[in-house]
Amino acid sequence: MIEIKGLYKRFADKDILTDVNLTFEEGKTNLIIGQSGSGKTVLMKCAVGLEIPSQGEILYSGRAFTHASLEEKMAIRKEIGMVFQGGALFDSMTVEENVAFPLRMFTDMAKSELEDRVNFCLNRVNLNQAHSKYPAEISGGMKKRVAIARAIALNPKYLFFDEPNSGLDPRTSLVIDALIQEITQEYKTVTIVNTHDMNSVLEIGDHIAFIFKGNVVWTGDSNSIIKAQVPEVRDFVFATPLMKKMFK
Amino acid sequence: MSFFENFGKYCLLVFRTFKQPGRNKFFREQFFRELEALGLGSIGIIAIISLFMGAVIAIQMAANIDNPLIPRETIGYATRESVFLEFSSTVVALILAGKVGSSIASEIGTMRVTEQIDALEIMGVNSASYLILPKITASLVINPVLTLMSMFLGIFGGYLACLLTGMLDAPSYLTGLLFEFRPFNVVYSIIKSIVFAFIITSISAYRGYYVEGGSREVGENSTKAVVKASIAILFWNLILTRILLL
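Residue numbers (the working numbering), protein chains in the order written: chain Z, 1 to 248; chain B, 1 to 246.
Because the hints were derived from the structure by calculation, they are not lab data.
None of the values given here were measured: they were computed from a predicted structure.
All C-beta atoms, glycine included, are put in the ideal place defined by N, C-alpha and C.
Check the hints yourself; a few may be wrong.
As the list claims (entries may be wrong) - With a straight-line cut-off of 25 Å between C-alpha atoms, the simulated SDA-like cross-links for lysine to any residue are: (1) B/Lys19 <-> Z/Asp116; (2) B/Lys25 <-> Z/Asp221; (3) Z/Lys133 <-> B/Ala37; (4) Z/Lys78 <-> B/Leu35; (5) B/Lys19 <-> Z/Leu103; (6) B/Lys99 <-> B/Leu140; (7) B/Lys19 <-> B/Ser42.
As the list claims (entries may be wrong) - Chain B stretches covered by chain Z per the calculated footprint, using a threshold of three residues with CB under 8 Å from any CB of chain Z: (8) 122 to 131; (9) 235 to 242.
Kindly produce the complete structure, drawing on both the sequences and the hints.
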């Protein structure tokens, strides 16, 4: 479980996050949604320690993270897998080397064992043909899948996805969404997805937090979001003509 | 950002680079890769520049020594002193600041803007140590070697110039070369090359590590890395010369 308690983040004189309180449970796909500039990415960066909150605390299974020592943070981070918006694959390494990187860095696996694990992770994301290719040689969807394979290589307890569907076509987005949900349920991870893709919201949102101007203004799931009465949420959900036509 | 803020951030980054080294096997791999990229990749340019500069220095000395009271052997002596004391350490370091410095800053800067450094951090890897330490250590090892190579080729360039132009015969050039030779001048040059190696890699890595923005900022910071490293080299050249030679 990840708990966010009374989180504030201020840049210069501007409040980006204000009193954010959220709990993310394991085995569920937790979505953070909101318009661009609402504070979603900052919240995720605070959660993984890439930004330091101005105030508040983040607990990983009861362990304080925000004010922990560097060593304690590093220990928690080894249990975190993160998929970045652009994949953030190491461009000097092949697909295989990217997935093997955390295994080589943090385990003493024998070569054959390591190869088996890399193959397993790449098979798990349905990527069997690109082992020796470099990130520049594969498509955006494949990059996302390699990034997921790398993120699950060490069996993380906590998985973060930053805009996993950005730049992908609708069909590939569905594949990525399905993969996120399957992995979450299979490995019982605490999965947090930062998105503004309504398909993802309706497909995989077990628990959804809506952020507006740095505040959590609504929480619920994929069924209740359609009926939400909060104006900001309705504006967001029914922003496209297709959604209006389908649900109004 | 003020000079002191930048300097503070730079010191913290250097401290972090040496604080928690990654796994040995990763360090070894990266070290040899950097040795190849930073060292072997620079041999060609250093060799060409040293050879030609040595030749030019010798010709300029010959052109300026027209007093019959000054022995012609002085050409060899002055070429040696110029190459050993200043050219092979300082000028070569300035050339490397341009070649290696911009490459380090743009490599690390690109990793920053494409979130590869964030990915390392989230995995629990000390990104500063993983990325910067092999570059610094490889540079500390290879730069003195490049400096020694430059000294040899600079002197050889002067020798070739003397032979080809006929301005001085080989025995006179060699006599000048050996005249009042102080081995400490070689040590002085090597000490400078080690300090300059650290300056080039650490400043360039710092400029790349803290890039914010996109490809344009990466380019700007690569240029800044070269400028700042060059200024630091000139400053430390003055300090080291004062400490070691006087």
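Hints, one by one, checked against the model:
no., hint, result
1, B/Lys19 <-> Z/Asp116, "violated, 34 Å"
2, B/Lys25 <-> Z/Asp221, "violated, 46 Å"
3, Z/Lys133 <-> B/Ala37, "holds, 22 Å"
4, Z/Lys78 <-> B/Leu35, "violated, 30 Å"
5, B/Lys19 <-> Z/Leu103, "holds, 22 Å"
6, B/Lys99 <-> B/Leu140, "holds, 16 Å"
7, B/Lys19 <-> B/Ser42, "violated, 29 Å"
8, 122 to 131, "holds (count 5)"
9, 235 to 242, "violated (count 0)"
Going through the hint list in order, the structure does not satisfy hints 1, 2, 4, 7 and 9.
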